[in-house]
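J.: Its first residue numbered 1, the sequence shown is counted upward by one per residue in the numbering used here.
Please keep in mind that the hints were generated in silico from the structure rather than gathered at the bench.
Be aware that a few hints might be false.
To be verified - Listed next, with one range per pair, are the computed distances between beta-carbon atoms:
| id | residue 1 | residue 2 | range |
| --- | --- | --- | --- |
| 1 | Arg158 | Leu93 | 22 to 32 Å |
| 2 | Phe162 | Tyr125 | 40 to 50 Å |
| 3 | Tyr125 | Leu152 | 18 to 28 Å |
| 4 | His16 | Asp86 | 16 to 26 Å |
| 5 | Gln69 | Gln105 | 41 to 51 Å |
| 6 | Arg25 | Met97 | 16 to 26 Å |
By construction, the Cβ of each residue, glycine as well, lies at the ideal position given by its N, Cα and C atoms.
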Amino acid sequence: TRAIADKSRTVRIPVHLHDTLAAVRAAQASLKAELGRDPRPEEIAEEAGVTVDKVELALSVADTVSLEQPIGEDGAQLGDFIEDEDAADPVQLTEEMDVANSLRQSIERLPEREGRILALRYGFYDGVPRTLEEIGEEFNLTRERIRQLEKLALCRLRHPSFGIREADLV
1 TRAIADKSRT VRIPVHLHDT LAAVRAAQAS LKAELGRDPR PEEIAEEAGV TVDKVELALS
61 VADTVSLEQP IGEDGAQLGD FIEDEDAADP VQLTEEMDVA NSLRQSIERL PEREGRILAL
121 RYGFYDGVPR TLEEIGEEFN LTRERIRQLE KLALCRLRHP SFGIREADLV
């Protein structure tokens with residue numbers, strides 16, 4: 001009987017809870033026949049000799065449902081209505097892509113060296129932002145000169161003639 005209690009359900013419950021569930025169901029059935037109505041948890045607890053908390057726990061365990069359970073007549077399943085909190089928000093993704101495209105287009109309008117410095121500095125190519133030192137080595141320039149060129153490029157991007165506003169990027 002222990003193996004049956006352990007393996008009989010899709011979602012495993014501890015054997016002691018399985019025993020409590022059996023006692024609660026038996027008390028519930030006998031009280032329903034005796035009273036002619038669904039018994040209250042307090043009545044079931046008294047009949048089964050357990051606490052009201054254990055009755056409520058046992059009854060909640062008994063109400064386990066499958067996420068693949070059909071809902072309605074259109075073939076939808078219960079799992080279709082449960083939000084995946086780890087999934088990315090499509091609206092936010094779209095906004096981020098729009099900002100990235102806008103930045104990319106603006107950077108392409110900069111002089112080649114300045115655009116490349118910004119792209120490397122903020123990781124536009126591969127998602128890995130570079131330090132001033134790393135960029136300086138690539139261009140054979142000092143960190144300070146790279147910082148100056150970065151500042152110049154950012155000033156150009158902020159200029160109204162570029163058509164990109166900081167409010168668009170927030």
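J.: If a hint holds in the structure, say so; if it does not, say that too.
T.: For each hint, the structure was consulted:
At roughly 26 Å, the beta-carbon separation of Arg158 and Leu93 lies within the given 22 to 32 Å, and the hint holds. Take Phe162 and Tyr125: their Cβ atoms lie about 21 Å apart, and the range 40 to 50 Å is violated. A hinted range of 18 to 28 Å holds for the C-beta pair Tyr125 and Leu152, which are about 20 Å apart. His16 and Asp86 have their C-beta atoms about 34 Å apart, which leaves the hinted 16 to 26 Å range violated.
The beta-carbon spacing between Gln69 and Gln105, approximately 48 Å, falls within the hinted interval of 41 to 51 Å. As the Cβ distance of Arg25 to Met97 is approximately 54 Å, the hint placing it in 16 to 26 Å is violated.
When each numbered hint is compared with the structure, violations occur for hints 2, 4, 6.
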